[in-house]
Every structure is written in C-alpha cells, then in structure tokens.
Amino acid sequence: MERVLKARVLVAGRAEGTATVSKEPLSLWGGLCPRTGEIIDRRHELAGRIVTGRILVLPWGRGSSTSSATLMESIKAGVAPAAIITMRVDPILALGSIVSDELYGRSIPILVVEPGDFQSIRQDDRITIESDGTLSIAADSDGSLQSGQLFTRRKINRKRR
Amino acid sequence: MSVKLSRQDNEFLDGGRGKAGRMAMRIVVRMAEVVDAPELMDISQAHIDGCGLLSDAGLEFAETLAAGGGNVSVPTTLNMGPLDLQNWEHFGVNKEFAAKAIRQGKAYTDMGCIPTWSCAPYQGYLTPRFGQQIAWGESNAICYANSVLGARTNRYGDFMDICAAITGRVPKCGLHLKENRRGQILLRLADIEPAIMRSTAFYAVLGHYLGSAAEDKIPVIEGLDAAVSSDQLKALCAAAASAGAVAMFHAVGVTPEANSLEGAFGGNEPERIIDVSLSDLQEAWDDLSTAKEKDKLDLVVLGCPHFSFDEFRDLAGLIRQKTEQGQRLAPEVKFVIISCQSSYALAQRSEYLDVARGFGAEITLDTCVFHTPMVGGDTKVIMTNSGKCAYYAPGELGVNVAFGTMADCVESAVAGCVRRKEGLWKGS
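So the protein sequences, as listed, match chains D and W.
For what it's worth, numbering that gives the first Met the number 0 labels the leading residue of the first sequence as 0, then goes sequentially.
For what it's worth, numbering that gives the first Met the number 0 labels the leading residue of the second sequence as 0, then goes sequentially.
Everything labelled a hint here was simulated from the structure, so no lab data went into it.
Wrong hints could be hidden among the right ones.
Mimicking SDA-like on lysine to any residue, the simulated pairs with C-alpha atoms at most 20 Å apart in a straight line are [stated by the list, open to error]:
no.: 1; chain 1: W; residue 1: LYS379; chain 2: D; residue 2: ALA46
no.: 2; chain 1: W; residue 1: LYS216; chain 2: D; residue 2: VAL88
no.: 3; chain 1: D; residue 1: LYS75; chain 2: W; residue 2: GLN85
no.: 4; chain 1: W; residue 1: LYS18; chain 2: W; residue 2: GLY111
no.: 5; chain 1: D; residue 1: LYS5; chain 2: W; residue 2: VAL34
no.: 6; chain 1: D; residue 1: LYS75; chain 2: W; residue 2: GLU59
no.: 7; chain 1: W; residue 1: LYS379; chain 2: D; residue 2: ARG42
no.: 8; chain 1: W; residue 1: LYS177; chain 2: W; residue 2: GLY265
no.: 9; chain 1: W; residue 1: LYS99; chain 2: W; residue 2: GLN85
no.: 10; chain 1: W; residue 1: LYS216; chain 2: D; residue 2: PRO114
no.: 11; chain 1: D; residue 1: LYS75; chain 2: W; residue 2: GLY265
no.: 12; chain 1: D; residue 1: LYS75; chain 2: W; residue 2: LYS177
no.: 13; chain 1: W; residue 1: LYS379; chain 2: D; residue 2: ARG41
no.: 14; chain 1: W; residue 1: LYS333; chain 2: W; residue 2: ARG418
Chain W with its partners taken away, still in its complex shape (with noise of 0.2 Å):
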C-alpha cells in the first residue's frame, strides 16, 4: 500500500481497534489508493447514506461492523432509512421487510450514530460549519454542504460513509483541498427573469440542467437571485447531484466561497461560459417528466428531499386555497408527504399538518418512496415538485411521473388528474 500512514491508522489496520475497525480501515485505504492520495486525513463529523437502501449486502455489512466492534469516532448523523418506524404498518409495508429493516437501522444506531434518519441533514441538528472537514454520503446533502454551507466533503458513497466515521479519517484529496474547490465552468443567468427565479420549480429545473451540462465540474452561477431560500437550495442541490455528478457549485454572492466571480475561479479561467436561456430551462422542464398532461394520476409525492417546515406552511396555504373553495382530494389519488422527525416536530407546533391531514395528505417520516415499498403495483403515475424524484422514478418504481411546482401538484390532486399551468415561464 503506497498510501502514506499514520501510527494510528496502522494500528486499526493491524487490528488494535477490533474487526470493524480494520476492515473500516482497510475500505478507506483502498479507496486512498483509488483516488491516488498521498495520505490520510481527519473528518470531524460523519453522515451516513449507507442505512438507506435495504439490501442484503447492506444488512450484512452493516452487522458485521457492528458485531466486530465498530464504533463511530466521530459525531454521525443517518440520512432516511428504509422505514417509517412509527407508522410503517399504516403504509402497507410487510413484517419481513420491517424486521430487516429495523435490524439494519439498529446496527448502525448501536455503532453510535445518531437516529436523525433525514436526507436534509443541513436543515436539521449537527450542522457543519465552514471549513469543517467532514465525510457525507447523499448526494443532494454532499452538493448543499460544499456549496451552502461551505463544509468540505468529496461524494462518498454507501459503505465509505461508515467506514469514515468508524476511523475518523479519509483519503486526502478532492474537494477536502481548497485548491480543488474553484470553478471551473461559468453559467449566466441574465436572460432569466427575476420573476421565474421566485418559483422554487425553477431551482429544480436549473438543477436538472446543471447537471448535465455541468458533467463532474464545478459550476459558477452568476446572477441567482441572493435572497434564495435553503428549500430552493435545496431543490437544486438534489437535481444537481441526480442528473450529474455535482458535488459542489458556487452561485456569485450567494454561496461562502463565491464573494466575486473572481473568487468563485479562484485566479481559473472558466473552461467554458453557458448563458443559460429560458429555451434550455424550458428543454429541461420537459424533460423531468415521462407522463403526460391530462394523464390520471394515482399519487402525489412532496418531500424528495425531505420536507422542511417552511414546506410544511407553503402546502398549507395551498390547500386551504382548495378547501375554502370546497374542492378536495381526488378520491382515487394517494397524496404523500415526506419529512423527518425534526422538521416535523416544528411543523407540529403549528396547525400546518391538521391542514394537510384534513385535505387527505398522508405524512410519513424517516424513509422515502424510493426505499421504504409504499408505493403499490396499482401506481402508474405519480406527481412531484421534485426534479431528483422526477429523475429516478421511472427506473426505481416502474412509474411515469410528471414534474411541477407544488402548486400544480395540489392542482392535479384535486382535478385526479396532472393538471400544469402553461410551463413554468408564464408564473406560477
């Protein structure tokens, strides 16, 4: 092993730090070797993606390190788990699936990590600071900590995640390094109108485009409205990291290593300059959806990323816009919200979910669609203001899906059928 290591990192691979922490060392230095770094580093906090996908290899993974000892070293948050464990009964998901999953969930929480179980984790408890060096696994939540929040991570995938919190260290390299954090292509958003950048669809659309435009570079954006919301950063972080590789973008005055556009490259030229037209933005609207309009839909799907308060409040007045009309949920479509415990423990101090619940929504926490199986055999076409659910739900449920802004997703879910105002360019 060329990697260059420290007294301590030996002695987890020698096995001084019981099984886990030798194979967790073993991983991190293969994966240094990998990436060609010439040492390891420290992490001070850990979040780990590896507790979401309920596989075999995963349980059986994530057992082994718990029954070798593994303990994490580090403060460690969990993105979702596959389980709603208060209320997975209520979702029709069966008692084998729930008993893995419990079991799966429990190896991790007895390793020490912290039971948060939400994929927007920078909107919940053990936030990173600027600067800190941190291992994350979950795209969307590797894209906002870089670029929101200014903490330093490199996309790490399931099972790295762990193996990182159990030592402590990573291999040193990537965006950990502040020369590997400048930009590298521009995008220029002075064709798009201020009006278009208040709708939150339109960060999830950006995103979309971003990330296949931008491949696995780093992308400026110049000329995003400051005054975006983390829930808008949120939806562009999670289309970013789908359709690409984003693992950070800076947006000129908005994000903390981004002041100017001279400071976002760093002393870089951009390699190449995008104005980005309402015509891509348009192309990339099309694009998140395979269902049609007019199509009957069967479910709607809010929270991909999880949902936040603000969220929480922004649906209610929606509704209430329905209900004061006297108009209801569709019989025939299933309306799911997804949270975590934290935002949902705000959102119970308000009156937010009665109004969701009274219109029909179902809200279920610690888990997604994706990984928890809610969704029936019966469901063809779903419905999200998500432009990362929109991404994977054709090939993860078997669904058409049809993306818009969760206005329009309240409007279909009424009428029982997709029903979107004319593009997002003329208002939502």
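Chain D on its own, in the form it takes in the complex (with noise of 0.2 Å):
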C-alpha cells in the first residue's frame, strides 16, 4: 500500500522521483556540482552520486552561506534535484529556490518532514509530492540501493571555469 506523509512545506510545488537518502548533513556548496548535478564533497556519503531529478533528503544543510547560489545555479542549469526534503527547516536550502523562482519563475520544492517521517524515507523509495506538502509513497519502493542508482565511485570532477 502506499504510504501518504504530510510535510511542512518550505518552497511549494509539485515533483516526482526516486529518493536519494543521507542521515549526514550537506553543505551544497562544495558538495554539489551546479553543473553536473554530482554530490563533490569527498567526504560525505553520497560521494559520487548524481542527484539530478532526484528526491534529495538530507537531515539539514550545513556549512557555506553560498549553499543557496550554488543551488540556484543548478536549478538553472537544468540538474538541480527534483525536490529537497529535510527534518529541520533550513533557510539557506530554501532560499536558493525562492531566488531563483522570483528571478527565473523557476523553483524545486522545499519540504520539511517530523524526525519519525524523515527516517522511515528510504533509498530509493518513489516519492511523489503536492503543492500541499503531501508525500506519497509507493509501495514498491524496497528501500534497496540497486535500482537504477546513478553511482560513480568517489570520482572527482574537477571544476572548469
């Protein structure tokens, strides 16, 4: 049966995907590539991935104030994640998406969920979102890490600016 969760939500919108799951925190600038959509940080557990069109949920944000830039440009650049979910509201997640729809009408959806939900989301769960902060669960969704995950294997890409 599919699971149905009720999220705060932070930035409105619709979404669909697959969830891409961390307990670490991410700082988006230094850990996510605005041009590849890569998770970068070396030494978070998501090293490698590709989170574009993803379903990114991460306990909160950390680190660089230059998180919100770095997420606006990913939404620009078309490799942003789907949607960012999150068990403590964290403004500068927020923001990058609030910028970058008063400037481009553009946004992903930012939702924050209780503690309990937020850890009974599993990889690869299939998550559909509402407007209204309505998560829907599929009720297929193992929680297994081999379904279509996009991994390379801590790989560095070098930047080029």
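With the hints in hand, could you dock these two chains into one complex?
This is the structure in structure tokens:
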C-alpha cells in the first residue's frame, strides 16, 4: 500500500522522483556540482552520486552560505534535484529555490518532515510530492540500493570555469 | 502572507521603492515565512557573500537588482569576489571570466556596497559593535560576528544578504533575539595542555571537531586560553562553520556573552557535555587531510580566511628561518597567499611582503582559490593551514589536500613534498 506523509512546505511545488537519502548534513557549495548535479564532497557518504531529478533527503544543510547560490545555479542549469526534503528548516536551502523562483519563475519544492517520518524514508523510495506538502511513497519501494542508482565511485570532477 | 508587515515594508512590496526593492522585499518576506518569523526587524549593517561565486544566475540576479534601482539602505561591505581586480591576468584567469566577474562586482558597487572584498570583514573596515543587529553572509564571518564580537546575525545565504541590505529588514527570529543565543552543549578542554592551545593549528582542528560535534547547536567551550588571538578565533570559526552549521559559540572568559559558564548557558542546562580528548583532536587533524606524508606538493594556499597583517609577520619569520639556512621554495611548488586590500595595505608598511615575494610567494587580493580559476588542472596536491580550505578543496578543486601548521606549509614548500611534524600534539 502507498504510504502518505504530510510535510511542512517551505517552497511549494509538485515533484515526482526517486529518493536519494543521507543521514549526514550536506553543504551544497562544495557538495553539489551545479553543472553536473554530482555530489562532490568527498567526505560525504553520497560522494559521486548524481542527484539530478532525484528527491534529495537530508537531515539539514550545513557549512557555506554560498549553498543557496549553488542551488539556484543548479536549477538554472537543469541539474538540480527534483525536490529537497529535510527534517529541520534550513533557510539557506529554501532561499536558493525562492530566489530562483523570483528571478526565473522556476523553483524546486523544499519540504520539512517530522524526524520520525524522515527516518522512515528509504533509499530509492518512489515519492510523489503535491503542492500542499502531501508526500506519497509508492508501495513497491523496497529500499534497496540497486534500482537505477547512478553511482560513480568517489570520482571527483575537476571544476572548469 | 502571514508575516506582520510595517507600512514601509508594504511600500517596498507594492513597488513604491522600485523594482529591485520589490523583489528584495518579496524574498525577505518569503524567508520570514520559511523561518516562521512573526514580523521583520531593522538591521543597521550588512555584509554580502553573494558577490563571491561567479555563476550565470548570480550575475543575472545582481544585475537585475542593480538595473531595477537597487540601493543598499545600510552600510554594506563585500566579501571576497571572483577576481583579483588588479592582478587577474598574472594568475592566468581568462578574459571572458574576468569580464563577467567585473560586471558582477560593478553591480554590487553600483548598489552602494563598499568594495572591501574581504572574507574576514571583522578584521577590517566597519567592524560591528556588541549587540548590533546585522545581516551578514559568509559562514566564517557569521560565526565570528556572533561569537567574538557579540553582534547579532543569522546565517544569511547568498542573495538574502543583498535583499536585507536593500530593504534594511530581516525576519525577526533566531540569533537576532537574546533568548536564542544561549549555549546548548558544553565542550570541556580540561585535558588539553596549554602548549597545544598556543598553536593556531589547534584552533582549526578544534573548529573541525566542533563543527561535527555541535551540528547546529550553540556550543559553549570551557577552557579556551584567554590570550587567544583574533587570527586563532578566525581559524576556529572558519573550520567550525565548514564542518558544521555553527553560527555561534561561546568561550567562557573569552567571548562577550560568556563571562561565566552560567552566563553562557543563560539558565539552560547543557543538552550534552563533551570532554574533548587529545585523540578526538588527533582524529580531527587526520580527517582534514586526504593527501599523505611525502606526497609531491604542487601548491601551498595560505589566507583562508584572508591573511591578516599578523599572519604576514608570522610567515615572514618562518621564511627567514629557511632563507637564512640557504633554503628556498622548491621550483615545482606554487606558494599563494590570499588577502584583502586592508591587510595588504598594512603589510606594505613593513618588509614582510618583500620577504614573502623574495621566497617566491605570490599574493592575490580580493578573491580566493575557490572562486577565481587560478588553480590549474595539473594541480594534484595542495597544502594549507586552513581547516576551511582543507575541508572544501577536495570537492571544489578536485585535489588532494594536506592540512598542517603554517610552519609545516613552509617546510613542505621547501622540501617539495608534504612534510609535517609528527602531528600537532608533539609541539609545533
């Protein structure tokens, strides 16, 4: 059966995708390459994964105040996650999506769930997000790591500007 | 919108203060909703981090605000930018990048920002005063302003900073309010010898440890040396705000809101008590490096956050010890010092710049290795004394990094390979 969770909406929108879950906080600047959508923080457990189009599930952000710029740039470049779900309000993540919305009319949903609900979201769950913050998690999600995970093992992309 | 707004706030929203004012206030109000703030409040100073990263979106945002008549309403300083404005050609930055970076900088200065271009704004012009309500970007500066100066700011992300500067308003919440500035967890340093605490590397290592231990809580440090310097606190803040979301800490007897342990907690009970051990610090020291001992070294980076006058002096002393023995910079190693105009101007009144340049060091101003494309693709291993630089370099620059003391950095630059004294704890 499908599971339904209710999230607090920081930035509203609809999205659908597969969950990429980490229990470790992540700084998007120094953590997400805004041109490729790859997680580039080598100390992070998601290092090497591509999060483009995924539902990124993190406890909260940390580190750099440039993370909002990184998120906005990744939205503009079309490589952003489909949505970000955290268990604590992270203003810097919400900000990147809000500024992108104000400037380009393009944003990704940013949602906050209760810690218990956060713990219940598993790797590769199929999640549908409604604008009112309703999260539907598909029943056939089995939480396994194999299904279509784009995983390049700790390979660091050198930045070119 | 459920946030209570003043007449002036509504004037901004209705476009009475121009297009940029409208966009800036819309973002401020939406952020107030995100953080559940009941209303907005005034700030009297701002520091912009959003001018640092050069991205197409960031440039467009800045130029949209500037073209829309955006003007800062409070004194506003700038963090480092994407370009060494005077010497970019020397560092091999291409013209196209430079042209965009200059445009981005101009958009911010056109809006009335002061071109300080410094990521250590607390060591320069317009230092905020105790209790002052400010809106600062740049994670290390946010931490320093709250903790060391006792000014009040939340962690403002890129682009919120300029919106706050234009409107003079921020959501009334978080660290702007006294009741949210009380300590939450206690870190005790009783097991750490005073000799260790004299090394600046200790502060970067402690910061790195603190960042992961504290997560987003306000830590109270007991046992920090009261003689700690501004540069040491800078190193602590930079590392803590990189490895974690630390926006503020207290150090009993050192920082202004922590005259006593009880004062730092403001009646709170510590949620956790951590006795920091030498092995915790050794682990944090190890975690800061991805390169190994004896790895061939390509680049040394000092000045993250920006090098101060005192750091120029310390470095000159270390370099002299080498040159007096006839030792010099290994030819294959680049040695880069990052600083800002204000520190550089002081250092120009000394011989320290000549000593550094005589050794072969290059000095870049207004920018940083992460934001200007000066690190070439052939750079594999870098070394730094900065916890922040060590934290971000592998991901942002695609290099391996060795963390060490400033003396280790000089030693390794001469040797041409990573060479550190046996850990921090056997003296440095």
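Starting from the hint list further up, note which numbers the structure goes against and sort them upward. Those not satisfied are hints 3, 11, 12.
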